[in-house]
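Taken in sequence, the protein lines are chains P and U.
Letter by letter, the first sequence follows residues 1 to 88 of the working numbering.
Letter by letter, the second sequence follows residues 1 to 111 of the working numbering.
The hints are simulated quantities; they were obtained by calculation from the structure and are not laboratory data.
Among these hints, one or two may not hold up.
With a straight-line cut-off of 27 Å between C-alpha atoms, the simulated DSSO-like cross-links for lysine-lysine are [to be verified]:
(1) P:K18 x U:K45
(2) U:K92 x U:K82
(3) U:K7 x P:K46
(4) U:K7 x P:K16
(5) P:K75 x P:K62
(6) P:K16 x U:K82
One side of the interface only, derived from the structure: several residues of chain P facing chain U at Cβ under 7 Å [what the hints assert, rightly or not]:
(7) T10
(8) P12
(9) Y30
(10) Y33
(11) M56
(12) G57
(13) F58
(14) V67
(15) G70
(16) Y71
For each label pair, taking beta carbons as the anchor points, the in silico distance ranges come out as [to be verified]:
(17) P:P27 x U:G47: 17 to 27 Å
(18) U:L13 x P:L82: 17 to 27 Å
(19) U:F12 x P:Q66: 34 to 44 Å
(20) U:E107 x P:G64: 13 to 23 Å
Beta carbons: idealized from backbone N, C-alpha and C, even for Gly.
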Amino acid sequence: MKVFMYALSTCPWCFKTKQYFKSHHIPFEYVDYDLQNETEQERILKEIATLSPHAMGFPIVKIGSQVIVGYNPEKYSELLGLKNSVVA
Amino acid sequence: MNADSRKRALRFLYQKVIDPLGYKFSPDHDLVEFLLDQEVMLERKHGIPFCPCQGLTKNREENMKIVCPCIPFHRDHFDAMKRCWCGLFVHKDVTNPDELRQIPVTELGGR
Chain P
1 MKVFMYALST
11 CPWCFKTKQY
21 FKSHHIPFEY
31 VDYDLQNETE
41 QERILKEIAT
51 LSPHAMGFPI
61 VKIGSQVIVG
71 YNPEKYSELL
81 GLKNSVVA
Chain U
1 MNADSRKRAL
11 RFLYQKVIDP
21 LGYKFSPDHD
31 LVEFLLDQEV
41 MLERKHGIPF
51 CPCQGLTKNR
61 EENMKIVCPC
71 IPFHRDHFDA
81 MKRCWCGLFV
91 HKDVTNPDEL
101 RQIPVTELGG
111 R
């Protein structure tokens, strides 16, 4: 299942989310929104708006077709079939 | 002003705002230190200590709603979580901030 994350380089919860995927050996891709140029930020904003309207709180994680706003390791585990694993 | 001095100044200023709102700094000292570091950095970059966990857009009015402490602009949302989005501030009765989770506003029926 494809895992993608919209993050901010200044956000500790985004960092924890990255750590979660790394510690569970889940391949994922991410983009640090705040480190992108203006054009790219606008493109990302449009993308986020289609996934989760009114959400500018990070992290925003897409697991398959599911979108999770905010750090939620229990939900990540559930969607990834890691329900009984210890979460980071 | 160096970063440590600015952090102390922000702590002092924020305390005055959050106390009457029923909030306090998170008991997670490492988190608080990290977030204040980020805010000092954001203030140096943008001139304003924005929330490190919410994204800036081209919309100045919306951006002003994420200037720390942004509790007054998101009161219902944050009260429901007992914390602000980044977790710098928690309700005064919170002793274990690890029990609190970020809940998207859409899950609470708001926006």
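Hints, verified against the model:
1. P:K18 x U:K45: Holds, at about 25 Å.
2. U:K92 x U:K82: At roughly 9 Å apart (the allowed maximum being 27 Å), K82 (chain U) and K92 (chain U) satisfy the hint.
3. U:K7 x P:K46: 34 Å, violated
4. U:K7 x P:K16: Holds - the C-alpha atoms of K16 (chain P) and K7 (chain U) are around 23 Å apart, at most 27 Å.
5. P:K75 x P:K62: 11 Å, holds
6. P:K16 x U:K82: 20 Å, holds
7. T10: 4 Å, holds
8. P12: 5 Å, holds
9. Y30: 14 Å, violated
10. Y33: 5 Å, holds
11. M56: This interface hint holds because 5 Å falls under the 7 Å limit.
12. G57: 5 Å, holds
13. F58: 6 Å, holds
14. V67: 9 Å, violated
15. G70: 3 Å, holds
16. Y71: 6 Å, holds
17. P:P27 x U:G47: 17 to 27 Å: Since P27 (chain P) and G47 (chain U) have Cβ atoms about 39 Å apart, the given range 17 to 27 Å is violated.
18. U:L13 x P:L82: 17 to 27 Å: 42 Å, violated
19. U:F12 x P:Q66: 34 to 44 Å: 42 Å Cβ-Cβ, so the 34 to 44 Å window holds.
20. U:E107 x P:G64: 13 to 23 Å: The hint (13 to 23 Å, Cβ to Cβ) holds, given that E107 (chain U) and G64 (chain P) are roughly 19 Å apart.
Consistency note: the structure conflicts with the earlier hints numbered 3, 9, 14, 17, 18.
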